[in-house]
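J.: Line by line, the protein sequences are chains A and B. Using the numbering used here, read the first sequence as starting at 24 and increasing by one per residue. Using the numbering used here, read the second sequence as starting at 24 and increasing by one per residue.
Simulated from the structure, these hints should not be mistaken for lab results. Keep in mind that this is a model prediction, so the values were computed, not measured. Heads up, some of the hints might be wrong.
[To be verified] Below, computed lysine-lysine pairings styled on DSSO-like, alpha-carbon distance capped at 30 Å:
| id | chain 1 | residue 1 | chain 2 | residue 2 |
| --- | --- | --- | --- | --- |
| 1 | A | K217 | B | K29 |
| 2 | B | K77 | A | K77 |
| 3 | A | K67 | B | K53 |
| 4 | A | K77 | B | K53 |
| 5 | A | K162 | B | K67 |
| 6 | B | K53 | B | K77 |
| 7 | A | K67 | B | K162 |
| 8 | B | K29 | B | K67 |
| 9 | A | K53 | A | K67 |
| 10 | A | K77 | B | K67 |
[Said to hold, decoys possible] Chain A residues, not near chain B, derived (Cβ > 10 Å throughout):
| id | residue |
| --- | --- |
| 11 | L39 |
| 12 | Q49 |
| 13 | A63 |
| 14 | F70 |
| 15 | Y71 |
| 16 | A92 |
| 17 | F100 |
| 18 | I148 |
| 19 | G180 |
| 20 | A191 |
| 21 | D209 |
| 22 | A225 |
[Said to hold, decoys possible] According to the in silico footprint, chain B covers these stretches of chain A (three or more CB under 8 Å from chain B):
| id | region |
| --- | --- |
| 23 | 104-116 |
| 24 | 181-188 |
Backbone N, C-alpha and C define an ideal beta-carbon position, used for all residues, glycine too.
Number of protein chains: 2
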Amino acid sequence: MPRVIKHPELRREELLDHAQALFLTQGYDKASLNDVIAAAGVSKGAFYHYFASKDALLLALAERFARQALAGVQDIFDDPGLDPLGRLNSLLAQSRRAKIDTAPEAWALFETLFRPENLVLFHRINLAASASFSPLLVKIIRQGIEDGTFRTFDPEGVADIVMQFGMATHDIIAKAFAGGSDADMDVAIEVLEKRVRLYEIALDRILGLPDGSIRIGEPGYVRAVMTARRRTSADKARA
Amino acid sequence: MPRVIKHPELRREELLDHAQALFLTQGYDKASLNDVIAAAGVSKGAFYHYFASKDALLLALAERFARQALAGVQDIFDDPGLDPLGRLNSLLAQSRRAKIDTAPEAWALFETLFRPENLVLFHRINLAASASFSPLLVKIIRQGIEDGTFRTFDPEGVADIVMQFGMATHDIIAKAFAGGSDADMDVAIEVLEKRVRLYEIALDRILGLPDGSIRIGEPGYVRAVMTARRRTSADKARA
DNA sequence: TTATACCGACCGATGGTCTGCCATTCAAGC
DNA sequence: GCTTGAATGGCAGACCATCGGTCGGTATAA
Numbered sequence: 024m025p026r027v028i029k030h031p032e033l034r035r036e037e038l039l040d041h042a043q044a045l046f047l048t049q050g051y052d053k054a055s056l057n058d059v060i061a062a063a064g065v066s067k068g069a070f071y072h073y074f075a076s077k078d079a080l081l082l083a084l085a086e087r088f089a090r091q092a093l094a095g096v097q098d099i100f101d102d103p104g105l106d107p108l109g110r111l112n113s114l115l116a117q118s119r120r121a122k123i124d125t126a127p128e129a130w131a132l133f134e135t136l137f138r139p140e141n142l143v144l145f146h147r148i149n150l151a152a153s154a155s156f157s158p159l160l161v162k163i164i165r166q167g168i169e170d171g172t173f174r175t176f177d178p179e180g181v182a183d184i185v186m187q188f189g190m191a192t193h194d195i196i197a198k199a200f201a202g203g204s205d206a207d208m209d210v211a212i213e214v215l216e217k218r219v220r221l222y223e224i225a226l227d228r229i230l231g232l233p234d235g236s237i238r239i240g241e242p243g244y245v246r247a248v249m250t251a252r253r254r255t256s257a258d259k260a261r262a
Numbered sequence: 024m025p026r027v028i029k030h031p032e033l034r035r036e037e038l039l040d041h042a043q044a045l046f047l048t049q050g051y052d053k054a055s056l057n058d059v060i061a062a063a064g065v066s067k068g069a070f071y072h073y074f075a076s077k078d079a080l081l082l083a084l085a086e087r088f089a090r091q092a093l094a095g096v097q098d099i100f101d102d103p104g105l106d107p108l109g110r111l112n113s114l115l116a117q118s119r120r121a122k123i124d125t126a127p128e129a130w131a132l133f134e135t136l137f138r139p140e141n142l143v144l145f146h147r148i149n150l151a152a153s154a155s156f157s158p159l160l161v162k163i164i165r166q167g168i169e170d171g172t173f174r175t176f177d178p179e180g181v182a183d184i185v186m187q188f189g190m191a192t193h194d195i196i197a198k199a200f201a202g203g204s205d206a207d208m209d210v211a212i213e214v215l216e217k218r219v220r221l222y223e224i225a226l227d228r229i230l231g232l233p234d235g236s237i238r239i240g241e242p243g244y245v246r247a248v249m250t251a252r253r254r255t256s257a258d259k260a261r262a
């Protein structure tokens, strides 16, 4: 094979790109290093020049994910025209809007990320994402406590609960995908809608707000997300 | 090697025992099948006679864990002298008492189970445990709704939140163990105590109960658990 | 005899190592 | 300014131990 020398940063990003594609489609364990280096058109020596191990590659991938996700919500956090409740709602709304707007790619990503063989991958991404998001949430909650909007004695704990709720939808969606049939999907959609409403009220009460203050998603949004996904899958099958 | 024939059930349990020991000390991925069969004093053929794959072994192990855990709380669920709130509190209290009473073995188990390389193992056990516990919790919550004690429109959702709270302590304890120093441990204990109180109030409000109804652990219990663990570790180090 | 419990050599694939080559850089010599 | 030299770092790919898993066969129990 001819020797090709590229800018180190570019090479690194390329490796991450191909690794991401393979990890998501085949799972972290099933996708081999040989697959990755073959896709990237690179030798084993080159790979180990950039990453100390397969695990280090996974870590770097998770960190890149977290960085990108964080960039998507940074402007909400910086918006000075929002009060703490508005900020929190915007943050929740943004994370849901991102799921709908970027439906095609995002769903391909989520659909694979939710498969059981991607547990490790998913967990690592969440770990990195939590490390980025938690401080933001804590700051917002602290602001709310100071100006009297929120009432709680453990802002870090509440931030963790918010993130827990976000992740908990994982298992429900995973079940919906696992089932496969349209009936399973419909059941899963209803369960998810109900669950989102529960999370809203739970957060209201944990933060000492009147019921209905927190808005994670307006009614029907779960169905919108899921049906968007179904159409996407159908389109793919037709192609 | 001489051929030894044992009662199938005994052989199976032996394999599970040795697998458990190895998975917990080295992690699921790191502990190889060869390690397991060497520890059990069995050939590869014998292993595959009992388990279809390494994954099947993990599944069987998780199910055995879940069965044992469930057996420990079954009598609380069967006690006719308890109202729903009492039943729920007893269940939470029991799961915490189990952690203290069986401190030496349980802590050795938890300490290893909380290590990052045991993510897969931990998740599988939780999956199996959830499948067993959730229906119990749902039944109790349903009873409470019927007799007017609890007020919620999503008993399954609340049951999931209860289990989430139970598992969420995982990360905090893991951090405490990761730190290692006594100062880290003291900080972790305080965080955990505060978090437990948050979870109590959160559950009160989610279930429409007056603050202070749910009792996960009396003040100081976390410290009792953690110091019990520290003594155990110190004893081991001395031996 | 049949069926079950068990043995252990064997297999392809995997993550990781190692030796060494090749392209670039840059200073020394002309 | 131009060639040369070694040094450096990016990169190639053969190689390795070990992994999960298969298979043909043997010994014991019913």
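J.: Does the structure break any of the earlier hints, and which numbers would those be?
T.: The structure breaks hints 1, 5, 7, 19, 20, 22, 23; every other hint is satisfied.
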